[in-house]
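As given, the protein sequences belong to chains A and B, one line each in that order. The first sequence begins at 1 in this note's numbering and counts up one residue at a time. The second sequence begins at 1 in this note's numbering and counts up one residue at a time.
Hints were generated in silico from the structure; no laboratory data involved. Among these hints, one or two may not hold up.
[Said to hold, decoys possible] Lysine-lysine pairs mimicking BS3-like chemistry, simulated, CA-CA at most 27 Å apart: (1) B:LYS188 x A:LYS14; (2) B:LYS116 x B:LYS30; (3) A:LYS14 x B:LYS59; (4) B:LYS30 x A:LYS14; (5) B:LYS12 x A:LYS14.
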Amino acid sequence: MEKTKKQEQASTHKIGIYLWIWGLLFVLSFFSYMVDWYQFQGMLRWSLILFFMFLKAGLIMAFFMHLYWERYALVNVLLWPMTAIACFIFLMVAEFEYVLFTRLFYFVVGG
Amino acid sequence: MSDLKIEGYEFKPGFKGMAKDTSSDQTMFKGVHWGKAMMWIFLLSDTFIFSCFLISYMKGRGSTIIDWPNPSEVFGLHVFGVQVPLLLIAIMTFVLITSSGTMALAVKYGYEKNRKMCGWLILATAIGGLTFVGMQAFEWSKLIHEGVRPWENPFGAPQFGSFFFMITGFHGTHVSIGVIFLFIYAYKTFAGHYDEGKRGWFTTMKGDYVEVEILGLYWHFVDLVWVFIFAFFYLW
Numbered sequence: 001m002e003k004t005k006k007q008e009q010a011s012t013h014k015i016g017i018y019l020w021i022w023g024l025l026f027v028l029s030f031f032s033y034m035v036d037w038y039q040f041q042g043m044l045r046w047s048l049i050l051f052f053m054f055l056k057a058g059l060i061m062a063f064f065m066h067l068y069w070e071r072y073a074l075v076n077v078l079l080w081p082m083t084a085i086a087c088f089i090f091l092m093v094a095e096f097e098y099v100l101f102t103r104l105f106y107f108v109v110g111g
Numbered sequence: 001m002s003d004l005k006i007e008g009y010e011f012k013p014g015f016k017g018m019a020k021d022t023s024s025d026q027t028m029f030k031g032v033h034w035g036k037a038m039m040w041i042f043l044l045s046d047t048f049i050f051s052c053f054l055i056s057y058m059k060g061r062g063s064t065i066i067d068w069p070n071p072s073e074v075f076g077l078h079v080f081g082v083q084v085p086l087l088l089i090a091i092m093t094f095v096l097i098t099s100s101g102t103m104a105l106a107v108k109y110g111y112e113k114n115r116k117m118c119g120w121l122i123l124a125t126a127i128g129g130l131t132f133v134g135m136q137a138f139e140w141s142k143l144i145h146e147g148v149r150p151w152e153n154p155f156g157a158p159q160f161g162s163f164f165f166m167i168t169g170f171h172g173t174h175v176s177i178g179v180i181f182l183f184i185y186a187y188k189t190f191a192g193h194y195d196e197g198k199r200g201w202f203t204t205m206k207g208d209y210v211e212v213e214i215l216g217l218y219w220h221f222v223d224l225v226w227v228f229i230f231a232f233f234y235l236w
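Between the sequences and the hints, there should be enough to build the whole structure, so can you do that?
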């Protein structure tokens, strides 16, 4: 009984946490817009974009989608397939570099 | 968030809990509503679709020898004689995050069985989504007027148009479907279907506020995809 009561409390969260995450998402979106506003370029721009993106995505998934409080089996089923996507990204990066190289090469050398 | 009403509920955190769940009989995610588990599986498959779009966009943009159009200029707006970069997209992002926050609160009030508050928040979410779709329609018509087509555009690499229409169009379709369901669920909440356990029309399962959470998962996912589109397509 004691245990179920504890769980019941855990299943609805205080409003504060949602408001905090909401505010943070606004601030992070504002910062990522500022990246464009101040026209940062090169590695600084890309790393900032990725940093804010992953932070925002993580906050939405963990708290708005309740993944932080979810059963670990479900969390793992959802997050491990993302490694396949990461592999695919690496494969396609290699691919587009090769395609770009061949295009430039034959542009210079001629068919 | 597991449901206590479902039989076999026992929560063990961490890897031990995972091992117990995966080695258990009959159901794997004990205590998780089947609708919620299925929504998660659907969202996982949807993640793969959007990833494929974004990866093909990355490959297309990376391998073209013509300069990619500068999104900060293409999506800029003239406001009071000043050129503001990415203005419309920034407003769209804020609208979508606002609606995501109201949805999260709707789920919370749903679980507290606060019917009125839950209904109003779902309605606010729906209106936010509608605003987003409206602004996207404006953005599309603006770009089409400027001569952007799936096969050509006046700004640079011709692939730009096809990736733009495909990715934002697919996301906009998701938002539109979400808005339709949000209006339906707002009605169902106000009508008290989740308090009475009235059976739905989509499935015959008994109405419960867990349905609001399932819809919330879909809506947050739409916001999540926008986070990635905003980063890779508009900011990169």
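* Verify the proposed pairing of LYS116 of chain B with LYS30 of chain B, using a straight-line Cα cut of 27 Å. => Not satisfied, since the Cα-Cα distance of roughly 31 Å exceeds 27 Å.
* For the pair supplied as a hint, LYS30 of chain B and LYS14 of chain A, is the alpha-carbon distance within the 27 Å limit? -> holds (25 Å)
* Asked: Are the Cα positions of LYS14 of chain A and LYS59 of chain B separated by 27 Å at most?
  -> violated (44 Å)
* Asked: Does LYS12 of chain B pair with LYS14 of chain A here, judged by a C-alpha cut-off of 27 Å?
  -> holds (22 Å)
* CA of LYS188 of chain B to CA of LYS14 of chain A, is that 27 Å or under? -> Within the cut-off at roughly 25 Å; holds.
Hints 2, 3 from the list above are not met by this structure, while the remaining hints are.
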